[in-house]
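The whole structure should be built from the sequences, with the hints applied where relevant.
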Amino acid sequence: MIDIHFDNFLVQFEYRFFQYRNNSNRSLEEELEEKTSKVQRKIDEIDTEI
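Per my numbering, the sequence shown runs over residues 1224 to 1273.
Honestly, the hints are just simulated from the structure, not real lab data.
Straight-line C-alpha distance at most 20 Å; calculated DMTMM-like pairs for lysine to aspartate or glutamate: (1) K1261 / E1272; (2) K1265 / E1254; (3) K1258 / D1230; (4) K1261 / E1237; (5) K1258 / D1270; (6) K1265 / D1230; (7) K1261 / D1230; (8) K1258 / E1237; (9) K1265 / E1253; (10) K1265 / E1237; (11) K1258 / E1268.
So, in structure tokens, the structure goes:
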């Protein structure tokens, strides 16, 4: 069940990431840092649930 939720999260993340990148003037490095930290927080949250 967790794998399904996580896969869904990744699909949503990719969509939002590319949508965000297309609508923003921020550098790719800043975007990558922000998105990576969000993904890491989500992974930590899932690890805590397990």
